[in-house]
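Q: Sequence:
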Amino acid sequence: MPYYRRFDQPAPDPAILARLTEQQRQMQERIIIQKPDFDLRLIAGCDSSFVGEDHILSVFVLLSYPSLEVLEKVWHYGEVELPYVPGFLSFREAPNLLKAYEKLHQKPDLIMVDGHGISHPRRLGIATHLGLHLNKPTIGVAKKVLVGRYKEPALHKGALSPLEYKGEVVGNVLRTKDNVKPVFVSPGHLMDLQFATQIALACAVKHKLPEPTRLADHFAAVFKKLV
DNA sequence: GCGACAG
DNA sequence: ATCTTGTCGC
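Quick note on numbering that gives the first Met the number 0: the first sequence kicks off at 0 and runs consecutively.
No lab work stands behind these hints: they were computed from the structure.
The model shown is predicted, which means the values in this text are computed figures rather than measured ones.
Any given hint might turn out to be false.
As the list claims (entries may be wrong) - DMTMM-like mimics (lysine to aspartate or glutamate), calculated; alpha carbons at most 25 Å apart, straight line:
1) Lys224 to Glu21
2) Lys143 to Glu101
3) Lys106 to Glu52
4) Lys143 to Glu167
5) Lys135 to Asp53
6) Lys135 to Glu68
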């Protein structure tokens, strides 16, 4: 059975997936991978959690950089239309995430997303998808690999090894904490791998996940109790 | 053909 | 992602 059928969710219409795939192929041409040119002072982190089978709670946390103090935290609760299918995560989560983003009073210079950037079958992980929609620099920080091969990085914080896919380095497997499973960092949009990796490590203070996404995940759990 | 598969 | 207890380590 298809991979997604292992999840307790309805099967997506093959015709719909074909349409979404085509949509990603078109967006692919607009992706810009380059060293960002700005003064990083405000960085945001976002994450989503699900309630039941068709409701989603998305959170955006705004932090100062490099002090990493929480300046804002907003959320939006809504419905989801599509089931989870590897490679199409953005179509399930992005709509609600964008609504949460609109609630930020102050906009960030950069957004860290929980998921992959270009380390995706069609270079359109949710971090890249959001970056294109918001025309904003984004970096993806995922907890698991989606595509590509890599060698296990050394066990100490800061160690990393390239994630290769189809002959290209699309990300870095980065150890953000000693003796703890590494994270997968990749540029989303208006960003390059070196900068993305540097920022992810700079934001990894005391935990495996960098502060932006770690706090977004934390507050998602907190707000979830209120809905 | 047989696995692998973000959240 | 979510369902779930106690437990090992900093």
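Q: Hints first: check each against the structure and report whether it holds.
A: Comparing the hints with the structure gives:
| no. | hint | in the structure |
| --- | --- | --- |
| 1 | Lys224 to Glu21 | violated, 38 Å |
| 2 | Lys143 to Glu101 | violated, 28 Å |
| 3 | Lys106 to Glu52 | violated, 31 Å |
| 4 | Lys143 to Glu167 | holds, 19 Å |
| 5 | Lys135 to Asp53 | violated, 28 Å |
| 6 | Lys135 to Glu68 | holds, 21 Å |
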